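K.L.:
Each chain, letter by letter, is given below.
2 protein chains.
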Amino acid sequence: MKHRLLLVCLAAFALSIPAAAEDGYDLWLRYRAADAAAYPELAATVRELVGGGGTPTLAAAERELSRGLNGLGGADVPLVAAPTRDGAIVFGTPRSSAAIAALTLDLGRVGPEGYVIRSTAVNGRATTVIAANSDAGVLYGAFHFLRLIQTRAPLRALDIVSRPRTKIRVLNHWDNLDGHVERGYAGQSIWDWHKLPLWLDPRYTDYARACASVGINGSVLTNVNANATSLTPAYLEKAAALAGVMRTYGVRVYLTARFSAPMELGGLKTADPLDPAVRTWWKAKVDEIYRYIPDFGGFLVKANSEGQPGPQDYKRTHADGANMLAEVLAPHGGIVMWRAFVYSNETPTDRAKQAYDEFVPLDGKFADNVLVQVKNGAIDFQPREPFHPLFGAMPKTPLMMEFQITKEYLGFATHLTYLGPLFEEALESDTLVKGKGSTVAKIVDGELHGYKLTGMAGVANIGADRNWSGSQFDQANWYAFGRFAWDPGADSRAIAQDWLRMTFSNDARFVQPVLAMMMGSREAVVDYMTPLGLHHLMDTGHHYGPGPWVGNLSRADWNPTYYHRSDANGIGFERGPKGSGATSQYSPQAAARFSDLKKTPENLLLWFHHVPWDHRMSSGRTLWDELVLHYTHGVEVVSQMRVSWAAQQGRVDAERFAQVAAFLAIQEQEARWWRDACIAYFQSISRRPLPAGVAAPAQPLEYYQSLKFPYAPGHG
Amino acid sequence: MKHRLLLVCLAAFALSIPAAAEDGYDLWLRYRAADAAAYPELAATVRELVGGGGTPTLAAAERELSRGLNGLGGADVPLVAAPTRDGAIVFGTPRSSAAIAALTLDLGRVGPEGYVIRSTAVNGRATTVIAANSDAGVLYGAFHFLRLIQTRAPLRALDIVSRPRTKIRVLNHWDNLDGHVERGYAGQSIWDWHKLPLWLDPRYTDYARACASVGINGSVLTNVNANATSLTPAYLEKAAALAGVMRTYGVRVYLTARFSAPMELGGLKTADPLDPAVRTWWKAKVDEIYRYIPDFGGFLVKANSEGQPGPQDYKRTHADGANMLAEVLAPHGGIVMWRAFVYSNETPTDRAKQAYDEFVPLDGKFADNVLVQVKNGAIDFQPREPFHPLFGAMPKTPLMMEFQITKEYLGFATHLTYLGPLFEEALESDTLVKGKGSTVAKIVDGELHGYKLTGMAGVANIGADRNWSGSQFDQANWYAFGRFAWDPGADSRAIAQDWLRMTFSNDARFVQPVLAMMMGSREAVVDYMTPLGLHHLMDTGHHYGPGPWVGNLSRADWNPTYYHRSDANGIGFERGPKGSGATSQYSPQAAARFSDLKKTPENLLLWFHHVPWDHRMSSGRTLWDELVLHYTHGVEVVSQMRVSWAAQQGRVDAERFAQVAAFLAIQEQEARWWRDACIAYFQSISRRPLPAGVAAPAQPLEYYQSLKFPYAPGHG
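Sequence order for the protein chains is A and B. The numbering of the first sequence is our numbering, which starts it at 905 and goes up by one. The numbering of the second sequence is our numbering, which starts it at 905 and goes up by one.
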């Protein structure tokens, strides 16, 4: 009776709440009441919360557990000082909790950030213990425990031990001080610089909660295309205010360092990293930053790339530049993340080779607190790239992975593209540098080369849009990045399933088909945009939509025609020994595979080889037919996704259902546009008929070439 | 008992709802349950809703009434086909409702958009009738009825008759196609052009609801600094999708017309309004627009101002330009709103005189479907300006008022500045052109000159920020604009009180002090920024903060020094017969007042006169002392506002309370900055001591002059 009345008044209350209640703002931290009948062990194992301690971070863990347990349980879980009955939740460190100190948890295994979740007895009461060596570890464990409930996992006989396999797990925000987000498709920057430091938007706290919930422990607030103004006192005061919010959640603040800042802010005539005045300026600046932000994480630097200043302007190396900054950060415990995405002002013979050529000779020359941050592939966040040849080639230099979470090249915010499989594919790639099993994951987590510093960066897809990421499903990419940063060996399907259950529903009729959608979604994008190893066919500048015909830009390597090289004979970029030789940057074993057209995986074929249109594929079809069928299949998958989603009506709230449905309609339209435009263009070159039964493009090639999108979002 | 349990479960539920529930998104359409004990007549008079009809707009009225009555009543108000008991709400037109058709309501009085709300008997049941001649009128009446409940007004013996006093009540969105809002301080544009037309954000519906709730019946979607791209098919399709949402709520869509569009889009060599090819191009374009948007409202045009193209480029007049567009819009029922804010490329003797000089000679030359849109003052939306001399000077040309709701010059989003008193002061200004009582309001509403077309425009303060307007209290300015557009004779205090009760609370301990804050807030801004008739002292470009010292810009009339003209002898812009002669643009009676320093109101003194520092003010103090005391008083008022607000803790929800408190802290800091910088600067010129007991500026003048804000929001 009481329960029914509760439902009645919840319904009445819901009527007076605007539709906003289910708009995606909650992310995966959605603590709606579980069906008690279907999940009885929740009520049995979660009866009271043992309050946990005086530090801000432990208080945050307590708030989160209270919020989560109250919400998920649908009733108040009392906060008590010690277990009074079976079903207590005790959390803390050996220092904060005598109960935890008294248990044998073997916390040495989990390091400074890991945690143990164990079902045990405390004071003779059946208790769930969430324990760690640090407050942040406790917070991570608390979020893990809530995840168990959110996904309706068993809650009895728990014995979970988890520790992060990388140390630096950071989001890179390409956010400008004017609020524009470069390659952002989720509205303006969430940092409201103008109103900082006095106004601390509650959103900052929710951002930090979301980061902590997946173990992200750093946030680079500013764009890699850096602005020296972010290092001025007025902006340091603002950044310090953000750091104050994030510190509680174990998230350290980093900034991007514009290499020429000593000239722009300090009035120096040079930014030469070996110039004593320059070094003095940076030392004073870094000391100043630490006065504002005592736990400042350090700098992320994009130098000598796409017009950014850098040490090469003074005939110094990347190592000279990085080490100068590292030296002044080291006394404070700060680090330098130096990007390997270099893009010099001269046109290279092969864009893919430049980073390797510039960085490998510097292996071993970087200071101990420098990481070199390497994109997953050698070009630029394409729907599919082979792993970057730097992985495995710099055993003496910690390489951290840079993934792009924001979908610059994978359909902006409106395409449902779950990136978990992309992350997993990159991390599972076998460099073979130390024999079979020398995966990128083992390089990133330090195992293969014994790196002391390790890390993973994700270019954030976060903005001021109500749903944070521009779409409901793009939240999954933020989530998955965090999970992979914690564990580069993670499973993308398991992550997707957790996310779906936490974000939408535990109803198997929902989870199963929507999980299938997610798992197939990235391959669909590859198919309708850049199948078989094609890359960088996007239209110029904004990268919105197809532009495979673009060949008139002033730099050869800005042109899609540079990358696909299609001609009457065939298509693809020959990177084997007879071509650019880029395959030689890989380990001999991997190079042997990629250099040989016959051994190259078909999904990377045109990345590594220029292949005749009539080349026989493993299917028995010609390359041309196969290409057309891939494009066509990609669209078909999206159409099927629309059908699958439509069947979910009623299983998710109306507002999020409608948004996803509308975005899938956009995706289908754009997938077809991609397919039709690419087929129309490549057919004008291959001069071959379409395979039987395949629809011709809806419009002539000229139509697709005429389309212009000057206000597409996210432009740099 | 039931009531207590309800409260308990509401509280429990609230715990599981994110803080978002009270973040300002609901605006003044906040339908939280009234305390039944304190407002018993609600339950007695609102028992059932009589469903009202088949049109989309009547369905919207029904949805709104259901939502509002259910929310405010805290229980389901059943929808029935006809009154079954006392306490029915019947709404509709004589066509949609036989019950209304049968009543004697004298609807002829209310015109096409007005409404009657009357307590009467229907089928022998005590009924409240909401009736109008049009569906939109019914919707307006429905919102009025909900407002009665929201403000806890009496609900018995109602006999409300309301009709709008202007016909065109439009918001002007200075929104660019890339999402940037010129002079916007509430985030990006709410129009997500990139995802239109397929994605219709629910926010569009809530925007239209809010507009309709105050009688706004038009929305100019695009910036007056216009972009021809908005007239291309791709964008017309997007605008049509928005029009489809807004139509239901009685809101027509308008666009800005870039005068050179025939050249940019049509490839013509000229945009000369008398050129036949140009006229043909515009006719075809307008016909095309009406195919997309059958009820398209028309064009808003900024021409020959601040670099925008216009008819003067071809030695044609504003009337030539406006009439060309009017001619092709007329067959479709469209109008032209032609802005009088002209700002030629040559520096004038007095900026304030230009609009009058250009437009008065054209009186009577505009087509019937043209309105000339005039800002409230002759400069540019300053904290205080005298009324624009065009009002009263163009009896044969409908002049519509342009107010700026967004606070470009009144503190951006963080200053609590209620603009109701500014609107009221402008509208109550007496032009004296037809003797005493020839108020601006009577010109705008058509009474004085018998205008057939009438209108009021407000430059919107709306953006993608969760709270719509950048701050909680800026919502009041959107609200007040709508109420004044409906009734230019409205009372700003009554409007503020309605808004406060609807938006926050009916608790008298809250309403009384916060209403006092609101009512004093605009004068406080005048005092700490530009007291005694000073104007345009803001820093260059972004207009953020003080810049009274700026005198080096390439155009004299861009410089604050041009406007305040302070020197060793005194301060102010002499616009009397011995000065620029701008006072002669007013009616002889008004001119006599403004030309004479002794008769000029002190709050406009330095607008009209250059006055010696030692001039005796009515207070007996010198002008210099008075100026300093005004600056000081402005800051004191803000400090008092902070104290008043702090006392409201617990009477409003925590989230909105905290945001307002933080913004008031920013406002106090910036008010002090304004005061200190202006006093420091003017003292460097007046060379006079501060009055006894007044604090010196905190920093030397050079400090204030050194501050730079390259990323202040809203820059053009």
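These aren't lab readings, by the way, just hints derived from the structure by calculation. Remember, predicted model here, so these are calculated numbers, not experimental data. It is possible that some hints are incorrect.
Since the list can't tell identical chains apart, any single copy or any two copies may satisfy a pair.
Said to hold, decoys possible - List time: in silico DSS-like cross-link candidates among lysine-lysine, alpha-carbon distance up to 30 Å:
1) Lys1219 / Lys1612
2) Lys1300 / Lys1173
3) Lys1187 / Lys1356
4) Lys1173 / Lys1187
5) Lys1356 / Lys1482
6) Lys1502 / Lys1173
7) Lys1269 / Lys1612
8) Lys1219 / Lys1482
9) Lys1503 / Lys1187
10) Lys1257 / Lys1502
11) Lys1257 / Lys1300
12) Lys1482 / Lys1502
13) Lys1502 / Lys1356
K.L.:
If the cutoff is 30 Å on CA atoms, where do Lys1219 and Lys1482 land: within, between, both or neither? Let me know, please.
P.N.:
So Lys1219 and Lys1482 fail the 30 Å test inside a copy (32 Å) and across (67 Å) alike.
K.L.:
Pop the pair Lys1502 and Lys1173 into one bin, within, between, both or neither, using alpha-carbon distances up to 30 Å.
P.N.:
neither (55 Å within a copy, 59 Å between copies)
K.L.:
Within a copy, between copies, both or neither: which one fits Lys1173 and Lys1187 at a CA-CA cutoff of 30 Å?
P.N.:
Intra 17 Å, inter 60 Å, cutoff 30 Å: intra-copy only.
K.L.:
30 Å Cα cut-off: does Lys1219 pair with Lys1612 within a copy, between copies, both or neither?
P.N.:
Close neither inside one copy (41 Å) nor across copies (34 Å); limit 30 Å.
K.L.:
Within a copy, between copies, both or neither: where do Lys1257 and Lys1300 come within 30 Å Cα-Cα?
P.N.:
Intra 20 Å, inter 73 Å, cutoff 30 Å: intra-copy only.
K.L.:
For Lys1257 vs Lys1502, is the C-alpha pair at or below 30 Å within one copy, between two copies, both, or neither?
P.N.:
Within one copy only: 22 Å inside a chain, 80 Å across chains, cut-off 30 Å.
K.L.:
What label fits Lys1187 with Lys1356 when the C-alpha limit is 30 Å: within, between, both, or neither?
P.N.:
within (25 Å within a copy, 71 Å between copies)
K.L.:
Reference check for the pair Lys1503 and Lys1187, CA-CA at most 30 Å: within, between, both, or neither?
P.N.:
neither (52 Å within a copy, 63 Å between copies)
K.L.:
Check Lys1300 against Lys1173 for me: Cα-Cα at most 30 Å, and say if that holds within a copy, between copies, both or neither.
P.N.:
So Lys1300 and Lys1173 fail the 30 Å test inside a copy (34 Å) and across (65 Å) alike.
K.L.:
How would you classify Lys1269 and Lys1612 at a CA-CA limit of 30 Å: within, between, both, or neither?
P.N.:
Result: close neither inside a copy nor across copies, 46 Å intra and 40 Å inter.
K.L.:
Regarding Lys1482 and Lys1502, is the shortest C-alpha distance of 30 Å or less found within a copy, between copies, in both, or in neither?
P.N.:
Answer is within; shortest intra-copy Cα gap is 15 Å, inter-copy 92 Å.
K.L.:
Between Lys1356 and Lys1482, at a C-alpha cutoff of 30 Å, which is it: within one copy, between copies, both, or neither?
P.N.:
neither (39 Å within a copy, 80 Å between copies)
Consistency with the previously given hints fails for numbers 1, 2, 5, 6, 7, 8, 9, 13, ordered from lowest to highest.
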